[in-house]
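Q: Work the whole structure out from these sequences, hints included.
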Amino acid sequence: MNPDTMIDAVSAVFMVTGALMSLGAALGLLRFPDLMSRMHAATKPQVLGLFLLLAAVGLQLRTWWVWPVLVLAWLFQLLTVPVSAHMVGRAGYRTKHLHPELLSSDELEAVVQQAAAKRGPDEDGRSA
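In this note's numbering, the protein residues as written are 5 to 132.
Please keep in mind that the hints were generated in silico from the structure rather than gathered at the bench.
There's no promise every hint is true.
So the derived label-pair ranges between C-beta atoms look like this [stated by the list, open to error]: (1) Met5 - Gly96: 44 to 52 Å; (2) Asp110 - Pro7: 52 to 60 Å; (3) Gly96 - Asp12: 39 to 47 Å; (4) Leu31 - Met91: 50 to 58 Å; (5) Glu105 - Arg35: 29 to 37 Å.
Built from N, CA and C at the ideal position, the CB exists for glycine as well.
A: Laid out in structure tokens, this is it:
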């Protein structure tokens with residue numbers, strides 16, 4: 005078996021696996037019951053799926069100069085996805101877009117209640 009055939013086979017496995025991971029993330033977004041589990045489905049498999057797809061592209065192009073660009077794209081995704089998921093999770097928690105019965109423990113509730121009590125009523129006269 006020559007090296008080109010081996011590279012093509014590895015690239016095909018990476019591409020199919022990466023596409024299945026991305027498909028799993030999309031199905032998780034559609035099927036999971038609440039914001040927190042959907043957020044998990046959108047971030048975890050998507051980053052690995054993107055890594056595998058970028059690796060397949062790098063193997064198929066067979067040039068050295070494309071790898072720094074692909075690594076930079078993956079690092080940018082790796083750095084921004086957790087931050088955006090954290091912000092979406094915090095916003096969802098604060099606006100009560102979650103199912104509390106699905107949480108095993110709510111470690112943030114005491115902190116949010118304490119901050120609401122310290123802040124007092126809003127400008128509209130409502131309590132936070």
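Q: Hint by hint, note whether the structure agrees.
A: Okay, the hints, checked on the actual structure:
Distance hint check: the CB atoms of Met5 and Gly96 are about 50 Å apart, consistent with the given range 44 to 52 Å. A hinted range of 52 to 60 Å for the beta carbons of Asp110 and Pro7 is consistent with their spacing of about 54 Å. At roughly 43 Å, the beta carbons of Gly96 and Asp12 sit within the given window of 39 to 47 Å. Taking 50 to 58 Å as the suggested C-beta distance range, the pair Leu31 and Met91 does not conform, at roughly 23 Å.
Take Glu105 and Arg35: their Cβ atoms lie about 18 Å apart, and the range 29 to 37 Å is violated.
Going through the hint list in order, the structure does not satisfy hints 4 and 5.
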